[in-house]
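**Student:** Spelled out from the first residue to the last, the chains are:
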Amino acid sequence: MQLVLEFLALSFVQDVLKILFILLLFAMPLGTFMTLMERKWSAAVQDRIGPNRANIGSYRGRGLLHIAADALKSIFKEDLIPRGADKFLYTIAPFFSFMSAVAVFAIIPIAGPIGDFKFQVTDVQPGLLFIFAITSLGVYGAVLAGASSNSKFALFGGTRASAQMISYEVFLGLSLMGLFMVYGSTQVSIIVEGQGEHWFGLIPKWGVFTQPLGFVVFFTALIAETKRAPFDAPEGESEIVAGYFVEYSGMRWSSFMLAEYIAIVGVAALITTLFFGGYQVPWLYHWESAPQWLVTLLQFGKFTSFTFILCWFQIQIRWTVPKFRFDQTMALGWKKLLPVALLNTVVTAIIIVALA
Amino acid sequence: MKFKVKKVDRSEGLKEALYIPGIAVGLKHTMRHFFRNIISKKDVVTIQYPEEERPVSRRWRGRHRLTRRDDGFLKCVACYMCETVCPAKCIHIEAGEHPDFSVEKYPVSFDIDELRCVFCGLCVEACPKQAIRMDTGVIGMAYHSRESFNFTRDLLRDAYTPNEKTKYTDADLPKPPDQQSALPNSHGIPAL
Ligand code: SF4
Ligand code: SF4
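Residue numbers (this note's numbering), protein chains in the order written: chain A, 1 to 356; chain B, 1 to 192.
Hints are computed from structural coordinates only; laboratory data are not their basis.
Note that CB positions come from ideal geometry on N, CA and C, so glycine has one too.
Check each hint, because a few of them may be wrong.
Listed below are several chain B residues computed to face chain A (Cβ distance under 7 angstroms; list not exhaustive) [what the hints assert, rightly or not]: (1) ILE23; (2) THR30; (3) ASN37; (4) VAL45; (5) ILE47.
List of simulated lysine to any residue pairs, SDA-like, C-alpha gap at most 20 angstroms [claimed, not checked]: (6) B/LYS28 / A/ILE309; (7) B/LYS28 / A/PHE313; (8) B/LYS28 / A/TRP319; (9) A/LYS335 / B/HIS29.
Full structure from sequences and hints, please.
**Tutor:** Here it is as structure tokens:
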């Protein structure tokens, strides 16, 4: 017993446990769930029913079994490598996508700290700069896949992915400058702490209220980063089939798909953390005698439900908005959102100085 | 030659350029559908086919049937009108003479190859006795073998409940000489 407790107290062991918990019990299940929910919800938007046929015996579980069916199918599918493809790059490309999607969860706190213990894998000091670094790596997945598949459609997809990257990356960073100024740090834990305060004891000081413009711009940038409609030119279903991963099949294809859905969850978690108070439950400070376990549970519940709602919102956006051509994406990024982000930064700075 | 060029004003207004109002309008619509369908499935138009079937008009030309007289015998008098008019040449009739004078000719065998049939309905229009009809409402015929689509007389004929006028029952229908083609379909397609 003593040994076990000592073992658990090792920070290395704790980190591994946290990673396992966040990945296996939070990000992956939610991501896989989203693969089904995307189809179900889009069906609801379009007055259809959606998948409901996968069954074990007569049990259908309202389509839930499609998750298992999809996984089984892609495991047993042949894993093709097209002739003339660069085998090495072709093989590692899905890992880039997957890795960058998953790595976002490393700095996201899913509940408030208890004493010294943080429900966060690592609270790196650069904080969000780490996110910027990681998400830019994600585009390598698309570019490598496109360049190595020996297919013109894939190559187009990869090129478009990089073209899109240079159009959103700039305002992705700039849109958060205001947030950094308001909360005075790039470290995630400090930003979330800051959002626990209330104005007049009533309105929670969430990022979405302090930085509404920043929120819109950042959200747009992140949707562009997940390469989903309206910014799905790299996939471009109607023109280049599936874009950069058109040649992939089986489990490799699935990892691209899963990476996309985990990226959705990641985006939702990130937005929750930065703009919706993260794990901070509003008005909870009125209840001072709340037991610690209940507070932690409430915080986790609030974080999860906001993440879920934002996932839904992204899917809703995808089924609402038509696609941008990639020159339009660039025009939007450089001519509209970049000035807006700059303006937001300047105005925030002026207000902060004026108030101080 | 001079063409008149009409310039269409494609400049974006502020509302267009902001995107947000447009997206909000779109979201209003998609969300309305989403919530209505999640809560009550009100707008869902899906017909879950094998379990539910789409309602067909009474005039829909489906699988054929051979009608019966009041006394239970087939109405068909084996006049070959339908076989002659059929553009797909898929009706094959063999006429026979019935011992009963009032019946005269009758089809000893009456096969329709439903795979060749183009469902034009000309046979129904040609029939002087209203003996063949296509109003069964059977719209999907899917079987595993070619032979299953060869509908024989006894598969096509209507079901008949004997009553006081009955003179002939199913058993009295003279069998065709080729017993093989009169056997019930091996795929269990019920005779109507
Ligand atoms: S519907 Fe037309 S094609 Fe079919 S059996 Fe009748 S006449 Fe022939
Ligand atoms: S079905 Fe009608 S048209 Fe055809 S042979 Fe019989 S009576 Fe004549």
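**Student:** Which numbered hints does this structure break?
**Tutor:** Hints 5 and 9 are the ones this structure does not satisfy, whereas the remaining hints hold.
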